[in-house]
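Participant: Sequence:
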Amino acid sequence: MSEELQRFDREQRVAAAELVHLNDQLAQSSKAKSEFLANMSHELRTPMNAMLGFTEMRLDGLYGEVPPALKEPITDIQVNGRHLLRLINDVLDLSKIEAGRMELALGEYSVREVVDIVHISLRSLAAEKGLEFTTRVPDDIPVAYGDNRRLTQCLMNLAGNAIKFTKQGRVEIGVELADDELIYRVTDTGIGIPENELENVFGEFRQVDATVTREFGGTGLGLSITKKFVEMHGGRIWIESKVGEGCTF
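Residue numbers (our numbering): 1 to 249.
Computed cross-link-like contacts, DSS-like style, restricted to lysine-lysine with a CA-CA straight-line distance of at most 27 Å: (1) Lys242 with Lys129; (2) Lys167 with Lys242; (3) Lys228 with Lys242; (4) Lys228 with Lys164; (5) Lys129 with Lys167; (6) Lys228 with Lys96; (7) Lys242 with Lys164; (8) Lys129 with Lys71; (9) Lys164 with Lys129.
Simulated from the structure, these hints should not be mistaken for laboratory data. Because the structure is a prediction, the values reported are computed rather than measured.
Make a model of the complete structure from these sequences and hints.
Facilitator: Quick look at the structure:
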(Lines of atoms letter the chains of each structure in order from A; the text may use other names.)
(Lines give C-alpha, C1' and ligand atoms only; values in the text may rest on other atoms or scores of the structure.)
Protein backbone atom coordinates (compact mmCIF):
# COMPACT_ATOMS: atom_id res chain seq x y z
CA MET A 1 0.00 0.00 0.00
CA SER A 2 2.85 2.36 0.88
CA GLU A 3 4.49 1.86 -2.54
CA GLU A 4 1.19 2.53 -4.30
CA LEU A 5 0.73 5.77 -2.35
CA GLN A 6 4.26 6.86 -3.21
CA ARG A 7 3.71 6.07 -6.88
CA PHE A 8 0.40 7.95 -6.84
CA ASP A 9 2.09 10.92 -5.18
CA ARG A 10 4.85 10.95 -7.84
CA GLU A 11 2.27 10.82 -10.63
CA GLN A 12 0.35 13.70 -9.07
CA ARG A 13 3.52 15.80 -8.78
CA VAL A 14 4.41 15.10 -12.42
CA ALA A 15 0.89 15.98 -13.56
CA ALA A 16 0.94 19.20 -11.52
CA ALA A 17 4.30 20.19 -13.00
CA GLU A 18 3.02 19.52 -16.52
CA LEU A 19 -0.06 21.67 -15.84
CA VAL A 20 2.12 24.54 -14.60
CA HIS A 21 4.30 24.26 -17.70
CA LEU A 22 1.26 24.17 -19.99
CA ASN A 23 -0.25 27.18 -18.22
CA ASP A 24 2.99 29.13 -18.71
CA GLN A 25 3.01 28.24 -22.41
CA LEU A 26 -0.61 29.35 -22.80
CA ALA A 27 0.11 32.63 -20.99
CA GLN A 28 3.10 33.33 -23.25
CA SER A 29 1.05 32.46 -26.33
CA SER A 30 -1.78 34.76 -25.21
CA LYS A 31 0.64 37.62 -24.55
CA ALA A 32 2.30 37.13 -27.95
CA LYS A 33 -1.12 37.15 -29.62
CA SER A 34 -2.12 40.35 -27.84
CA GLU A 35 1.14 42.09 -28.74
CA PHE A 36 0.80 41.00 -32.37
CA LEU A 37 -2.77 42.31 -32.57
CA ALA A 38 -1.73 45.60 -30.96
CA ASN A 39 1.13 46.11 -33.40
CA MET A 40 -0.94 45.03 -36.41
CA SER A 41 -3.86 47.25 -35.45
CA HIS A 42 -1.53 50.23 -35.07
CA GLU A 43 -0.03 49.59 -38.51
CA LEU A 44 -3.50 49.38 -40.06
CA ARG A 45 -4.80 52.50 -38.32
CA THR A 46 -2.16 54.86 -39.74
CA PRO A 47 -2.97 54.38 -43.46
CA MET A 48 -6.70 54.24 -42.66
CA ASN A 49 -6.53 57.67 -41.01
CA ALA A 50 -4.68 58.99 -44.05
CA MET A 51 -7.33 57.60 -46.40
CA LEU A 52 -10.15 59.09 -44.34
CA GLY A 53 -8.39 62.43 -44.23
CA PHE A 54 -8.05 62.47 -48.01
CA THR A 55 -11.71 61.59 -48.63
CA GLU A 56 -12.81 64.29 -46.18
CA MET A 57 -10.68 66.91 -47.92
CA ARG A 58 -11.98 65.74 -51.30
CA LEU A 59 -15.60 66.06 -50.16
CA ASP A 60 -14.85 69.49 -48.66
CA GLY A 61 -13.70 70.67 -52.09
CA LEU A 62 -10.05 71.26 -51.21
CA TYR A 63 -9.06 69.59 -54.49
CA GLY A 64 -11.73 71.33 -56.51
CA GLU A 65 -15.43 70.70 -56.88
CA VAL A 66 -16.44 67.06 -56.64
CA PRO A 67 -18.33 65.83 -59.72
CA PRO A 68 -21.89 64.79 -58.74
CA ALA A 69 -21.28 61.25 -59.98
CA LEU A 70 -18.36 60.86 -57.52
CA LYS A 71 -19.97 62.25 -54.36
CA GLU A 72 -21.87 59.09 -53.47
CA PRO A 73 -19.00 56.61 -53.99
CA ILE A 74 -16.55 58.86 -52.10
CA THR A 75 -19.05 59.18 -49.26
CA ASP A 76 -19.43 55.38 -49.24
CA ILE A 77 -15.65 55.05 -48.96
CA GLN A 78 -15.65 57.46 -46.03
CA VAL A 79 -18.52 55.74 -44.18
CA ASN A 80 -17.07 52.26 -44.62
CA GLY A 81 -13.59 53.52 -43.78
CA ARG A 82 -14.84 54.94 -40.50
CA HIS A 83 -16.55 51.64 -39.71
CA LEU A 84 -13.32 49.75 -40.40
CA LEU A 85 -11.37 52.23 -38.26
CA ARG A 86 -13.75 51.62 -35.35
CA LEU A 87 -13.18 47.87 -35.68
CA ILE A 88 -9.41 48.40 -35.77
CA ASN A 89 -9.60 50.59 -32.67
CA ASP A 90 -11.63 47.92 -30.86
CA VAL A 91 -9.02 45.25 -31.62
CA LEU A 92 -6.23 47.65 -30.60
CA ASP A 93 -7.92 48.49 -27.29
CA LEU A 94 -8.62 44.85 -26.47
CA SER A 95 -5.09 43.72 -27.29
CA LYS A 96 -3.57 46.56 -25.23
CA ILE A 97 -5.72 45.64 -22.24
CA GLU A 98 -4.79 41.96 -22.50
CA ALA A 99 -1.10 42.80 -22.89
CA GLY A 100 -1.22 45.07 -19.82
CA ARG A 101 -0.35 48.14 -21.89
CA MET A 102 -3.56 50.10 -21.40
CA GLU A 103 -3.44 52.97 -18.91
CA LEU A 104 -6.30 55.20 -17.82
CA ALA A 105 -6.00 58.99 -17.89
CA LEU A 106 -7.78 59.67 -14.60
CA GLY A 107 -9.16 63.05 -13.59
CA GLU A 108 -12.32 64.94 -12.73
CA TYR A 109 -14.99 65.04 -15.41
CA SER A 110 -18.55 66.23 -15.96
CA VAL A 111 -21.07 63.39 -16.04
CA ARG A 112 -23.56 65.56 -17.91
CA GLU A 113 -20.95 66.38 -20.55
CA VAL A 114 -20.12 62.70 -21.14
CA VAL A 115 -23.80 61.80 -21.54
CA ASP A 116 -24.41 64.78 -23.84
CA ILE A 117 -21.49 63.82 -26.09
CA VAL A 118 -22.89 60.30 -26.51
CA HIS A 119 -26.41 61.61 -27.10
CA ILE A 120 -25.31 64.15 -29.72
CA SER A 121 -23.12 61.57 -31.47
CA LEU A 122 -25.86 58.94 -31.77
CA ARG A 123 -29.13 60.86 -32.01
CA SER A 124 -29.12 60.99 -35.81
CA LEU A 125 -28.67 57.20 -35.92
CA ALA A 126 -31.63 56.78 -33.59
CA ALA A 127 -33.70 59.25 -35.62
CA GLU A 128 -33.03 57.28 -38.82
CA LYS A 129 -34.67 54.26 -37.16
CA GLY A 130 -37.55 56.30 -35.76
CA LEU A 131 -36.46 55.66 -32.16
CA GLU A 132 -37.00 57.92 -29.17
CA PHE A 133 -33.53 58.59 -27.74
CA THR A 134 -33.48 60.37 -24.39
CA THR A 135 -31.18 61.10 -21.45
CA ARG A 136 -31.93 61.44 -17.75
CA VAL A 137 -29.25 63.10 -15.62
CA PRO A 138 -30.23 64.76 -12.31
CA ASP A 139 -29.10 68.36 -11.90
CA ASP A 140 -27.37 67.56 -8.60
CA ILE A 141 -25.04 64.88 -10.00
CA PRO A 142 -21.56 65.93 -8.80
CA VAL A 143 -18.32 66.02 -10.74
CA ALA A 144 -16.96 62.46 -11.03
CA TYR A 145 -13.45 60.99 -11.15
CA GLY A 146 -12.28 58.69 -13.92
CA ASP A 147 -11.07 58.54 -17.51
CA ASN A 148 -13.79 60.53 -19.26
CA ARG A 149 -12.61 59.44 -22.73
CA ARG A 150 -12.86 55.74 -21.89
CA LEU A 151 -16.13 56.18 -20.01
CA THR A 152 -17.54 58.04 -23.00
CA GLN A 153 -16.40 55.10 -25.14
CA CYS A 154 -18.19 52.68 -22.79
CA LEU A 155 -21.46 54.61 -22.98
CA MET A 156 -21.06 54.97 -26.74
CA ASN A 157 -20.71 51.18 -27.05
CA LEU A 158 -23.74 50.51 -24.84
CA ALA A 159 -26.02 53.13 -26.40
CA GLY A 160 -24.85 52.29 -29.92
CA ASN A 161 -25.63 48.62 -29.34
CA ALA A 162 -29.02 49.52 -27.88
CA ILE A 163 -29.91 51.54 -30.97
CA LYS A 164 -28.62 48.82 -33.29
CA PHE A 165 -30.68 46.06 -31.65
CA THR A 166 -33.86 48.12 -31.22
CA LYS A 167 -36.29 48.14 -34.13
CA GLN A 168 -38.92 50.34 -32.53
CA GLY A 169 -39.53 52.13 -29.26
CA ARG A 170 -36.92 53.95 -27.26
CA VAL A 171 -33.40 54.03 -25.89
CA GLU A 172 -32.52 55.94 -22.73
CA ILE A 173 -29.24 56.82 -21.01
CA GLY A 174 -29.83 57.37 -17.30
CA VAL A 175 -27.57 58.35 -14.42
CA GLU A 176 -28.17 58.21 -10.68
CA LEU A 177 -26.24 58.44 -7.43
CA ALA A 178 -27.00 55.69 -4.90
CA ASP A 179 -25.07 55.26 -1.64
CA ASP A 180 -22.14 57.26 -3.02
CA GLU A 181 -22.04 55.03 -6.12
CA LEU A 182 -22.42 56.57 -9.57
CA ILE A 183 -24.67 54.35 -11.69
CA TYR A 184 -25.04 54.62 -15.46
CA ARG A 185 -27.95 52.82 -17.12
CA VAL A 186 -28.67 52.25 -20.80
CA THR A 187 -32.19 50.91 -21.37
CA ASP A 188 -33.82 49.86 -24.63
CA THR A 189 -36.98 48.22 -25.95
CA GLY A 190 -35.04 46.00 -28.35
CA ILE A 191 -34.98 42.30 -29.11
CA GLY A 192 -33.75 41.24 -25.68
CA ILE A 193 -31.46 38.34 -24.82
CA PRO A 194 -32.43 34.80 -23.72
CA GLU A 195 -31.52 34.02 -20.11
CA ASN A 196 -29.21 31.17 -21.13
CA GLU A 197 -27.19 33.56 -23.31
CA LEU A 198 -26.68 36.35 -20.76
CA GLU A 199 -23.37 34.94 -19.52
CA ASN A 200 -21.96 35.13 -23.06
CA VAL A 201 -22.78 38.80 -23.62
CA PHE A 202 -19.44 40.14 -22.37
CA GLY A 203 -17.28 37.48 -24.03
CA GLU A 204 -14.79 38.46 -26.72
CA PHE A 205 -15.99 38.11 -30.33
CA ARG A 206 -19.34 36.89 -29.02
CA GLN A 207 -22.88 37.79 -30.00
CA VAL A 208 -26.08 36.09 -28.98
CA ASP A 209 -26.26 33.82 -32.04
CA ALA A 210 -25.35 33.64 -35.71
CA THR A 211 -28.77 34.93 -36.76
CA VAL A 212 -28.24 38.14 -34.79
CA THR A 213 -24.77 38.58 -36.27
CA ARG A 214 -26.09 38.22 -39.81
CA GLU A 215 -28.97 40.64 -39.23
CA PHE A 216 -27.23 43.32 -37.18
CA GLY A 217 -23.52 42.85 -37.92
CA GLY A 218 -20.65 43.62 -35.56
CA THR A 219 -17.65 41.78 -34.13
CA GLY A 220 -18.89 41.33 -30.56
CA LEU A 221 -15.90 43.25 -29.13
CA GLY A 222 -17.68 46.37 -27.86
CA LEU A 223 -19.24 44.89 -24.73
CA SER A 224 -16.09 42.97 -23.84
CA ILE A 225 -14.03 46.16 -24.04
CA THR A 226 -16.66 48.07 -22.09
CA LYS A 227 -16.57 45.49 -19.29
CA LYS A 228 -12.78 45.66 -19.09
CA PHE A 229 -12.76 49.48 -18.92
CA VAL A 230 -15.47 49.48 -16.23
CA GLU A 231 -13.49 46.98 -14.16
CA MET A 232 -10.30 49.01 -14.62
CA HIS A 233 -12.21 51.84 -12.91
CA GLY A 234 -13.07 49.53 -10.02
CA GLY A 235 -16.69 49.27 -11.16
CA ARG A 236 -18.90 46.45 -12.35
CA ILE A 237 -21.35 45.98 -15.19
CA TRP A 238 -24.28 43.62 -15.55
CA ILE A 239 -27.32 43.11 -17.76
CA GLU A 240 -31.02 42.61 -17.13
CA SER A 241 -33.03 41.40 -20.10
CA LYS A 242 -36.15 39.62 -21.32
CA VAL A 243 -36.64 38.40 -24.87
CA GLY A 244 -38.87 40.78 -26.78
CA GLU A 245 -38.85 43.42 -24.02
CA GLY A 246 -35.34 44.84 -24.27
CA CYS A 247 -32.23 45.19 -22.13
CA THR A 248 -30.82 47.33 -19.36
CA PHE A 249 -27.05 47.59 -18.82
